[in-house]
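From the two separate chains plus the hints, produce the assembled complex.
Sequence lines, in order, name chains Y and D. Sequential numbering of the first sequence, starting at 1, is according to this note's numbering. Sequential numbering of the second sequence, starting at 1, is according to this note's numbering.
Hint data in this document are derived by calculation from the structure and do not stem from the laboratory. If you're wondering where the values come from, they're calculated on a predicted model, not measured in any experiment. We put the beta carbon where it would ideally sit given N, CA and C, even for glycine. Possibly wrong hints are sitting among the right ones.
Unchecked claim - One-sided and incomplete, this derived list gives chain Y residues near chain D with beta-carbon spacing under 8 Å:
id	residue
1	73
2	75
3	89
4	95
5	98
6	117
7	125
8	126
9	132
10	138
11	139
12	145
13	161
Unchecked claim - In silico lysine-lysine, DSBU-like type, Cα no more than 30 Å apart, as pairs:
id	chain 1	residue 1	chain 2	residue 2
14	D	199	D	149
15	Y	108	D	199
16	D	149	Y	150
Chain residues, written in single-letter form:
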Amino acid sequence: MKCQHCDKQAVFHITELETGAVRELHLCEDHARTYLNQSESAAEASADDEEEGKPSGGALAGPLGVGQTADELALLDQRACSMCGITFFEFRNQGRLGCPHDYVQFEKELEPLIANIHGATEHTGRRPSRTRAGLPEGTEDLTAVIGLRKQMKESIACEDYEKAKEQRDAIRAIEDRWLDDGDAPKGTA
Amino acid sequence: MKLEALTQSIGEWLRGTGPESDIVMSSRVRLARNVAHYPFVSRASEQDRADVERFLRERIAASPVGQELEYIDVGRLEEIDRQFLVERQLISREHAEAQGARGVAIDRMEQVSLMINEEDHLRIQCMHSGLDLKGVWDQIRAVDDQIEKVVPYAFHPRFGYLTACPTNVGTGIRVSVMLHLPALVITRQIDKVFRSLHKISLAVRGLYGEGSQAMGDFYQISNQTTLGRTEEELVEQVGDVVPVLIDYERRAREFLVRETQQNVHDQVSRAYGILRTAQTISAEETMQLLSRVRMGVLLGLIGDVKIADINSLLVRTQPAHLQKLRGVELDINDRNIERARYLRQHFEGGEGSRASVN
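In isolation and in its complexed conformation, chain D is listed as follows (with noise of 0.2 Å):
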């Protein structure tokens, strides 16, 4: 698979469909699995990490569930390359930012990832538009029965599967949403329903997972713990959330529109004034300014945008993306000037804005 082919599309996370897709933007599930016959990741040689990635590259994809994927040595792959495949999610930056042998298999419609020599061995990733925690549950336990007939998956009979870390031990399941709150950060109420959450045990992580800070008003719900409950469970733990958190977003949303329209109408309509008209302009601020634009969309106060469109800029404006769009490496100060570019392009109705539409 060729990177520049994916720059064509933007990517399962953002193809901005599926239920609930004005405030779920994604719902995905990972695996963590370990061969048995191998130390784990951080304490392996050299020739280890080397025989763990052949051994899984190998039998993976002589597997039915190998025939869908295409395999990528992330070992091999320039930075941008490596950063481009973290902007679309289908990698973790600890895995950009590893050492030795390295991969990941991904399938063509980017639903399903397989790290290999993460922090563990194996982590199984799926990923589905919108709110469908059941349908990503389906379909990574097909997966990972499937790779589990050819590899002999580290297990103990009391404490489950084991990973390098105790605290993913067990099911070795994360179960995460990714929601778009941008009402609940202008009403002030976000970190009270953080506080909440924080209280059932579930994590709130920013856009690019675990440390990063929340960019745009994108936030990652996850579960904690992993052990003691079946994946079934910690699914719904996952998903019982979510309706509520979706009802606190819309309230908050009519809200904004009920006593403060006029004031609302004029944040987005700046936001996407500098979006249209400005000269340089950082990725930071860049997503700001889209996640207002796409909640004026979505409540009516911007017509002529698409979501997907503001999706589709979400991703293309990241700057490994921007770069891998333009052909050419930049520095920060020159992608500045390019995304702003791109941006104007974008909204003018030129170049930029014919490619966008999936």
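So that you can see chain Y by itself, here it is in the shape it has in the complex (with noise of 0.2 Å):
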């Protein structure tokens, strides 16, 4: 088998198990040392600036696809869910993602995870069946309404209560188009 990054032989094979995800390596002797020095180094710098008394990325924060140089990783990284706001950083961390719109976000790089873990990355399986007529199979609009929320709350923490109500009104919006059936109670209030 030949190494993941050139053409030599690949004599490191590296199983990487985080929860809920397992990643193959198969890397020349040249580029598993790089492999292995790189998680050191990102062990230790997440260890220093380690956030809310998370655990530290530790071995785990290797690289995610093939062929990703550290700086492309610090990046990717670094970009956050703009609903949950959660970081690709954390996810790997924690094996968990933080909201359906992360899908949509980190496409690109959940993709080859899936992949991996499924060797598949389109869905065969049962669809939902909305009966309302106009709303669309994916329910990406209605997981705006995360966000939404999350600045409305920002607008009210700056007393900007005109457009908090502008927020509200979109949020309401956006709820009844998909959720209003009678007398159900809604999401948010």
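In structure tokens, the structure reads:
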């Protein structure tokens, strides 16, 4: 088997086990050394700026895809979901995503991971049958409410009540479209 | 629903009936679902969790499926009651140990359980005694359809149903069967069987799900992938392997009787003897010995015990069940003494046995 980064023979076969994710790496001696050093320095770095007492990335902070440089990875790790705010780094540490929008926000990064876990990237099973006219199959529109709620809170904190009211109305409009069916309770009050 | 009422029954998975129930304890399917307009549980604020809990509880209660369910507020339960629900397989250990607003809705038969705010907002579980994956799938599909009419599940046109962990994305389905495989354990063939199951990407777990040890020769076989195949294909993937495992176990049991009858008879009888006479005994040892006695009964080596009784003891000797039955909280030493007393009474035809057959 060839190294994933060059044409040399792969001599290191590494299986990374994260919560809920398994990743295999096949590397030549040189690239394995780079990889292992990188993991160590990443672990050191993350130990320094650990957030909220969460466990550091440690050895899990290695590259996710193939052929990504440390700089690219650092950038990727800092990218945050525009709805729930989770960074890719946090996801890689915890193995749990933050909200449905992550699958859109991090689609490119998640795709190889999903392919690795399931051996496929296309859902072929059951699909929602929306009884109400005009609603799309995907729920991305509705998930936007997560971001709007956050913005509304920020507006209130800044005492920009005009804006908060607009945001509240926007949330209501979306929820009415998706959730309105008689007396059943809605999400946000 | 009062949990005390549940102590009088033994729950669906230990009923000990249904096809192939000498080897297949239960068939189970669960679906992972999330509400589209809230963060996933691990990212949700306390307020978000409370909102999700209320949203799902109220909407499900108002739908036809909710009419048949009773809701338990797991967040307000005492630890022993949460443990009790885990032992009955109505909630997961993770759900019992989690924080914040969460609950479970269960039906009277204890076949359907809806966990709210587990790893995903909603985990729908359906379980039947014996081998009946088709029946379980039909039932859970109907429940899922009804809930989907009133709850907008997070869905992506390409990735399918969206879950907190990418290992569940797509169908969100976990199909599992719980098998009792004592003869494969005794003949040391079990590891070989598991290795071949891993090769066809099936997972093997212990009695109480992820990360749990296999106790008393009970094993859960389930699918590992959830994306790229239909639910029916995944149900079939697990279903197809079960007859093979049943056949292996039956052959191993026949082999034991044919080649080592005296030995097996001795093992089974000793296990039975300890259960009838011990003065203090742990839950693990009890489970191991009950497993052997269960096999002995099925092989015709022990005459006067019913399989339903053994199944009942398997759950009633678990720590929380034992304490609920006795109506007092006990520390581990007292539990071991009480467990031994309960077993002796049961086998001597004392008070234990009258309440045991359901």
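Check each numbered hint from earlier against the structure, then list the numbers of those it violates in ascending order.
Numbers 1, 2, 3, 9, 13 and 14, in rising order.
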